[in-house]
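Visitor: From first to last, the protein sequence lines are chains B and V.
Here this note's numbering is used: the first residue of the first sequence is 1, the next is one more, and so on.
Here this note's numbering is used: the first residue of the second sequence is 1, the next is one more, and so on.
Rather than coming from a laboratory, the hints here were simulated on the basis of the structure.
A portion of the hints provided could be inaccurate.
What the hints assert, rightly or not - With a Cα cut of at most 25 Å, we get these calculated BS3-like pairs of lysine-lysine: (1) B:K10 - B:K62; (2) V:K130 - B:K62; (3) V:K133 - B:K10; (4) B:K10 - V:K130; (5) V:K166 - V:K133.
To be verified - With beta-carbon atoms standing in for the labels, derived distance ranges: (6) B:E26 - V:G235: 30 to 40 Å; (7) B:D59 - V:L209: 50 to 60 Å; (8) B:K19 - V:R75: 34 to 44 Å; (9) B:T64 - V:A67: 29 to 39 Å; (10) V:M191 - B:Q67: 55 to 65 Å; (11) B:T64 - V:E236: 27 to 37 Å; (12) B:D22 - V:Y232: 25 to 35 Å; (13) B:A75 - V:A107: 33 to 43 Å; (14) V:K102 - B:L77: 47 to 57 Å; (15) B:N74 - V:R15: 50 to 60 Å; (16) B:K19 - V:H245: 45 to 55 Å; (17) B:N74 - V:M191: 52 to 62 Å.
Please read these numbers as outputs of a predicted model, since none were measured by experiment.
C-beta atoms are modelled at their ideal positions from N, C-alpha and C, and glycine is treated no differently.
What follows is the residue order along each chain.
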Amino acid sequence: MSSVEERVRKIVVEQLGAKEEDVTPEASFVDDLGADSLDTVELVMALEEEFETEIPDEDAEKITTVQQAIDYVNAHLG
Amino acid sequence: MLLEGEIALVTGASRGIGRAIALELAAQGAAVAGTATTEAGAAGIGEALSAAGGRGLGLVLDVADQASIDAALARIGAELGAPTILVNNAGITRDNLLMRMKDEEWASVIETNLTSIYRLSKACLRAMLKARKGRIVNIASVVGLSGNGGQANYAAAKAGMLGFSKSLAREVGSRGITVNCVAPGFIDTDMTRALGEPEREALLAGIPLGRLGRAEEIAAAVAFLVSPAAGYITGETLSVNGGMHMA
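Let the hints inform the model, and build the full structure from the sequences given.
Guide: Next up, the structure:
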């Protein structure tokens, strides 16, 4: 099983059509990876499915970078 | 079969316009989930669909109740798959002059006719976003465009639908999802049969085509908007009213 970080990065690459090398931990979905607001909603949907969890809207709004997504999953899984 | 492989959810499908829409979409090849507020209504939809040789099911749904929406969508998802077409047709009237209107008459019409499309659209969008396609058609009313004395609540809800549809059309257009309204005029249904003869005569005088519309004529407009032929139409309101109101 790949690590949380790998799985998150894979989803970001797929959802945003970003280049793998651009998906660094500090990359911002909107500012660095070109996501629009609907992209960020879909990204959260994809994270919810990948990690079989529900991310409340108030938490989802705070996930704006790759690292924040990884941290969120690590903090709320298992 | 234009709608082969599509899964349509039609609310308020036991009678009138909703029933005609459900049968038309089924005739075009879609699997149709038609909803009613009662078990008897739901059973009737299932029977009508199978009698017409269509695929689908009838089920109970209270569009004003989120738990009921969640349960209905879970069942549709399990039996037919996630809807690719949503037709928000369910609606009620509680007519009264504004000065006599009760809070309950206002609130129930807004809840059932307007808040329901917010809830149902939200519930169906997740799968549509993932699929990168979807069609939402909201059944508005000529009254939402022209206004009508005694129907401030109904007209407000129907006009609200138009603004909602245009906004959602902008939000999800990039994902291949269209959102449109059909605005019926006076259609020959139980809702309009309740009118007295003098009111009916007065109404007909204001309709250039000189007759009430048929529910099938609304269904045909909906079938067009959900068909591949209407792929470039979004945020639009299609009036089907015999000319009684021209925008």
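Visitor: Check each numbered hint against the structure and report the violated ones by number, ascending.
Guide: Of the numbered hints given earlier, the structure breaks none, since each of them holds.
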